[in-house]
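Chemist: Order-wise, the sequence lines are chains L and F. FYI, the numbering for the first sequence is 1 to 415, going by our numbering. FYI, the numbering for the second sequence is 1001 to 1415, going by our numbering.
Don't read these hints as lab results, they were simulated from the structure. All residues carry an ideal CB built from backbone N, CA and C; glycine is no exception. Treat each hint with caution, since some may be false.
Cut-off 27 Å, straight-line C-alpha distance, at most; resulting in silico cross-link-like pairs (DSS-like, lysine-lysine) [to be verified]:
#1 K348(L) <-> K1263(F)
#2 K348(L) <-> K75(L)
#3 K1348(F) <-> K71(L)
#4 K1114(F) <-> K371(L)
#5 K36(L) <-> K1263(F)
#6 K1371(F) <-> K1074(F)
#7 K1378(F) <-> K1392(F)
Among the chain F residues that face chain L by a calculated CB cut under 10 Å, a handful are [what the hints assert, rightly or not]:
#8 S1268
#9 K1320
#10 E1326
#11 L1349
#12 H1356
#13 V1388
2 protein chains.
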Amino acid sequence: MGKVTSVSPFAPASLAKLPVIEGVAFATAEAGIRYKNRTDLLLTVLAEGTSVAGVLTQSKTASAPVLACRKHLKKGTARALVVNSGNANAFTGKKGAEAVDITVTHAADAVVCKPHEVFVASTGVIGEPLDAEKFAHLLADLAKRAEPDAFEAAARAIMTTDTFPKLAMRTALIGDVEVTINGFCKGAGMIAPDMATMLCFIFTDAAISSDALQELLAEHVQTTFNCMTVDGDTSTSDTCLMFATGAAETRGQKPVTKANSKKLQAFSEALHDLMRDLAIQVAKDGEGVSKFVTFEITGAKSWHAARTIALACANSPILKTAIAGEDPNWGRVVMAVGKSGEAADRDKLTIWFGPHCVARDGERAEEYDEKTVAAYMKNAEIVIRADVGVGKAAARVWTCDLTHEYVSINADYRS
Amino acid sequence: MGKVTSVSPFAPASLAKLPVIEGVAFATAEAGIRYKNRTDLLLTVLAEGTSVAGVLTQSKTASAPVLACRKHLKKGTARALVVNSGNANAFTGKKGAEAVDITVTHAADAVVCKPHEVFVASTGVIGEPLDAEKFAHLLADLAKRAEPDAFEAAARAIMTTDTFPKLAMRTALIGDVEVTINGFCKGAGMIAPDMATMLCFIFTDAAISSDALQELLAEHVQTTFNCMTVDGDTSTSDTCLMFATGAAETRGQKPVTKANSKKLQAFSEALHDLMRDLAIQVAKDGEGVSKFVTFEITGAKSWHAARTIALACANSPILKTAIAGEDPNWGRVVMAVGKSGEAADRDKLTIWFGPHCVARDGERAEEYDEKTVAAYMKNAEIVIRADVGVGKAAARVWTCDLTHEYVSINADYRS
Chain L
1 MGKVTSVSPF APASLAKLPV IEGVAFATAE AGIRYKNRTD LLLTVLAEGT SVAGVLTQSK
61 TASAPVLACR KHLKKGTARA LVVNSGNANA FTGKKGAEAV DITVTHAADA VVCKPHEVFV
121 ASTGVIGEPL DAEKFAHLLA DLAKRAEPDA FEAAARAIMT TDTFPKLAMR TALIGDVEVT
181 INGFCKGAGM IAPDMATMLC FIFTDAAISS DALQELLAEH VQTTFNCMTV DGDTSTSDTC
241 LMFATGAAET RGQKPVTKAN SKKLQAFSEA LHDLMRDLAI QVAKDGEGVS KFVTFEITGA
301 KSWHAARTIA LACANSPILK TAIAGEDPNW GRVVMAVGKS GEAADRDKLT IWFGPHCVAR
361 DGERAEEYDE KTVAAYMKNA EIVIRADVGV GKAAARVWTC DLTHEYVSIN ADYRS
Chain F
1001 MGKVTSVSPF APASLAKLPV IEGVAFATAE AGIRYKNRTD LLLTVLAEGT SVAGVLTQSK
1061 TASAPVLACR KHLKKGTARA LVVNSGNANA FTGKKGAEAV DITVTHAADA VVCKPHEVFV
1121 ASTGVIGEPL DAEKFAHLLA DLAKRAEPDA FEAAARAIMT TDTFPKLAMR TALIGDVEVT
1181 INGFCKGAGM IAPDMATMLC FIFTDAAISS DALQELLAEH VQTTFNCMTV DGDTSTSDTC
1241 LMFATGAAET RGQKPVTKAN SKKLQAFSEA LHDLMRDLAI QVAKDGEGVS KFVTFEITGA
1301 KSWHAARTIA LACANSPILK TAIAGEDPNW GRVVMAVGKS GEAADRDKLT IWFGPHCVAR
1361 DGERAEEYDE KTVAAYMKNA EIVIRADVGV GKAAARVWTC DLTHEYVSIN ADYRS
C-alpha cells in the first residue's frame, strides 16, 4: 500500500495567497458548535448589488440550508453568506428550518439587508438539531470586524475532516478590464466522518448578471465538481455558490448580462480552470488518500456516456483498492467499463496505465509487461485511460484510492 | 471493528447434503488451470431432453462463455455443463471464443450431443488467455466417471475466494408428484481478488419447458441475486443457469409448459426460496465480511424504486464502513436514501436499526438512545429498515459490511 499520513501527501507546501476582492469581506469565530479551539463560523459580507448564482445537491434528503439557498437564489442578489461547520443542519425537521430563519434574521440585521439576500450553508453531523441561538448573536460583531484580506481564514473556518484548506484564484480580461476570481471549498469525503458536504464559494469583482453567472456556474460544475468523487456518496448539503460584486464596473468594465457573450469567454475559461483546480484539491484530500487518480475515457458516444464510464471506474471499490495496493489490475478496468451500462465495444477496448498500453483491441497488449506497469503504479499520481471504441466523445474524472485509512476514518471514528 | 477471520464467520457448521437428482451427474478434476492441489474443472452430464434457462451478466464486456451461453440458450436443451475456476476467459479476444469452441467440441464428443447442448462458464482472472487444450482432453474421462451424488464436490470445484461452498435444496409438489430442486453457487465479491464472477447452477427433476423455466428464473433472479451485493461491482461473467431433466415424468408428473400455470405455484415458491437462500449465502461470504446486513425499504413508489434505494444503502462505502465500526450512524442512511435519485419524502422518512426506531417523520426519534442502538450494532446480523413515505412498495437487499479485510484482500493481493 502507498504510505498514508494523517495529512494528505498532496497538501500544498504553501497555500495560495488570494488577493482582496472589492466588496467582499470575511470574519470568523470560534462558536463551539462542535469543535473546540478552532473557528467554525464564517460571515461573509458582500457589497450592495452583488449578484449570485448557485448549484445545490440533488439529494432527496437535502438539508435545511440547501432549501433556503434554493429559495433565495430566485431573487438573484446577495449581501451575506453565513457558514458553520460541525453540524450539517440536515434531517432536522422543522427545527432545521427554524435554525435557518434565526440565522438569516440575525445576519440580515447585522449587514442591513433583506432576508433573501442572506445565504447559508452548514456542514457536519447529519440529524443533530442545530442550535442557531448559540452563534446567531455573534453575527453582529462579525459584521463589524469583517475584513477583505481573509480568504485563508474563511477557508479554514468551513473545514471538517479536510487536512488542508483549498484555495484558488484566477484573473481574466472582460473587455480590457482585468477582473479577479477567488474561490475556496471544503470536502474530504462526499461525507466526511459523521459529516456531510462539499461546499464551495467563489467570488469575483466582475459585473455579471445573476442569470449569466448561473449559466456559467451550472455549465462548469458539470465538468469540474461533478467529475470528482471520493466514495460516490452524494451529500445532503453540497452547495456551490458564486458571488459577483460588480466592483470592476468602477474600473470601466461594462456589465455583462448574457453568458454566451464573447466578452465573457476569457472569464468563463478562467472560472472553469479555477473550479477544476478546487475539484482536484478535494480529490487530493480524499479520506485516507494515498494516490491521486485520473480516469480518462475516450471513444464514447457522448460526454455523458464517457463520464458515466469514468465514474464507474472511479467509484469501483475493487478497482480503487487495487490502485491502493499498487497493483496494475487492468481486468478491473474492463469490469468497470462493462458495468457502467454505457455503450462500449469489448473488442475495440484499449487501456493505458500512464504511458503503458496494457490492453488493445479487446485483449491484453502484446507489449504488456507486468513489471513495467507495476513500477508505474508506485507513482503518487496515476492516470488510467480507456478508449471504448464506439464514438468520439471524451471525459475525465478525478478521484483517490480506497485505503485501510479510509475504512479506519469511517469505521472506527467513534470508537 | 467486528472480528474478521479468514473463513467467514457465517460459514455453516455443516453443509447441506443434497439428494441425487435423476439425470444429473458430476465429475471434477484438478486441471491445474491456476490453482494447485484443488479441483478446478467440473463436468455436469445431463439426461437427454433436459430443458435449460439462463440469466447472464448485463456487462458490456461480457466474457466469451457468457456469449456462448446466450447463443445456446436459444435452442432450449442441455446435455452438458463445463465450468472451470482460475481463469474467467473474459477480455481474451478471439482466443476466448476459440477456447470456448475447443471446450464445447470436446464436451459434445464426451457426452455425445450437439454443440448447442453444451453450456460453459469460467471464473477467475480477467484478461489472461485461457488455454483450453490444458483441460479439454480430460472431459472424455470425466464423462465416464460422472456420478449423481456429488453436489458438494461440484460446488467446491467452482470456488475462487469463497471461504465455503454454497449449497441449497428444496422440494415441491407439481400436481401430486414431489420434485426436487438443488442448487449451488459461488461468489465472494462481485469480483474476488483478481477474479470475477457470481456463478449459480440449479437442477431439478421436474418436467418443465425451457420457456416456462426461463420465465420463472428471470423473475426470481430479480428479487434474489439481483438484491444481493458485496461491493456493487458487476462481473463480466455472472451466470445463472437452470436445468430441468424431466425425470419426474416417469413418476407421473405431467409436463408443464407455461410459467403461470397454477400447477407450478409451489414449485415457483420453492425455487424463489432456494435462490434467496443462495444469494444470502453469497452476501455472508462477502470478502472481508464481519457483519451480514439486510436493508429493508418500505413506503416507496414501486418495487424498483425501493430496490434502488436499498442498493444505494447497501453499496455506500461510508455506510458500510460505519456498520463495520459498529457505529449506529443513521445519518448515513439519510444520505444514501437521498442520493438514490428515487422519490422519498424527507419529512416522512422513518428509520429503524433492528427493533429500534432512530428517526421518525424527518428527524431524530425522541426515544433514540445512542447506547441502546450502539449495543444492537454489536450483533453479527444487522437489519436496517427505512420507510420513505411516498408509497406502498417495498424491497429487501442483502449485503455485508466494508472492512479493513476487504481492502487487504483486494489491495494487497499480489504483494
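Chemist: All hints are to be evaluated individually against the structure, with a verdict given for each.
Modeler: The hints, checked one at a time:
| no. | hint | result |
| --- | --- | --- |
| 1 | K348(L) <-> K1263(F) | 48 Å, violated |
| 2 | K348(L) <-> K75(L) | 51 Å, violated |
| 3 | K1348(F) <-> K71(L) | 21 Å, holds |
| 4 | K1114(F) <-> K371(L) | 44 Å, violated |
| 5 | K36(L) <-> K1263(F) | 69 Å, violated |
| 6 | K1371(F) <-> K1074(F) | 57 Å, violated |
| 7 | K1378(F) <-> K1392(F) | 31 Å, violated |
| 8 | S1268 | 29 Å, violated |
| 9 | K1320 | 9 Å, holds |
| 10 | E1326 | 7 Å, holds |
| 11 | L1349 | 7 Å, holds |
| 12 | H1356 | 14 Å, violated |
| 13 | V1388 | 8 Å, holds |
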